[in-house]
Amino acid sequence: MIPTIPRVRVVLAVLLALGGGYHRPIMTFGGTGSGPFTFQRTSGILVHSAGSTDGSDPSTKRPVIGELMAETGFYQSMTLSSDVEQPLYHTRSQYQDISIVKTDYYGKVLILDGVVQLTERDADSYNEMMAHIAMMATSEPKRVLVVGGGDGYVLSEVLKHDSVVSVDHVDLDGEVIKTCRKHFPWGKAWQDPRVNLHIADGAKFVANAKDGYYDAIIQDSSDPYTWSDEGKKLELPSNILYSEQHFRHILRILRPGGVFNFQAETFNIPSDLEGISEWRSQALDVGFSSARYGSLMISSYPTGQIGFLLCSKADNKSSTDSAPTLKEVEERFAQMVRRGDRTTYYQPKLQFSSFDLPLWVEESIYGASIVSSVSGLEQEL
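First residue of the sequence shown: 0, per numbering that gives the first Met the number 0; consecutive thereafter.
Fair warning: there could be bad hints in the mix.
[Unchecked claim] Heads up, simulated SDA-like pairs for lysine to any residue below, C-alpha to C-alpha not over 25 Å straight-line: (1) K316 with V285; (2) K107 with P86; (3) K326 with R341; (4) K159 with K316; (5) K181 with H248; (6) K231 with G106; (7) K107 with K141; (8) K141 with D123.
FYI, nobody ran anything at the bench for these hints, they're computed from the structure.
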């Protein structure tokens, strides 16, 4: 946050890997002080009140929840509804603090350990892309594994594909699932008979799964690391889900031609961009035939952008993955729409255009080959 208080207590919100959406552990500020921002903790939610700069009109103050990206100094916040003084729901699980709050613009907001996970207004962008990019990238996905994503939104999107026979959903924190089942419209997803819910450790579940069993694996996990206020890199519990050993197990339990899609941070934060490149290289090193970074926009996440890495396992018939054509994706999408399973963010063209990135991002992730090829083409012309 933008500190205007003389003394500030820095609090590190450490998240477990295991609810849905974007789970960036962040540096936030607690305590109280003078000035336009007054900080307080309410039912586990770290908020501040934003009012007039001189504090002369307390009636204008409204609770705000914010996130500071310590590495870049970027701060983002949203104002809670004035007619709701307390969270709509609050509990403490074995692993984390869970709250549902209300905002005028974003609707209900899921918060874990003081960090925004998703909002009713824009959760479609992240979750639809995580699910449909993977599902459309492989033909006739029947058996699907969802690791994390305790809010259930990714699961609900996976179930829109009529080829799906079974989905194993693995999440460590059953309280997150219980909360979202009650408070969000997609909470009925777990009632689908195709769903097998496992309250378990995701890494251990993957390590013990059968070889070549899944057609698609979607990992909606929290961040593997964060940074202390001293600039030291701190590994978080979900780090194991980004390890080489975990990637090897993922590859092993995928069928030939299967895909693995996982949350891969924003390219707007330097350490995240380095991580994207490292995870892509690691995926290729363990045997995936391709690993591509796709991007999406979501206003309630820090910097307004986040991405995913789509990794493909080569088909036995080919040394590379066989990507679908636009026509094939459009046909499958049209079938979904006809069944009444519409989307609001994902559309067929994004299956391809989401992988088109700014030049500086392309160079960081893939190297200078794109620039070289363009230069070579110019010379030919």
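Verification of the hints:
no., hint, verdict
1, K316 with V285, "holds, 19 Å"
2, K107 with P86, "holds, 10 Å"
3, K326 with R341, "holds, 18 Å"
4, K159 with K316, "violated, 29 Å"
5, K181 with H248, "violated, 34 Å"
6, K231 with G106, "violated, 36 Å"
7, K107 with K141, "violated, 33 Å"
8, K141 with D123, "holds, 23 Å"
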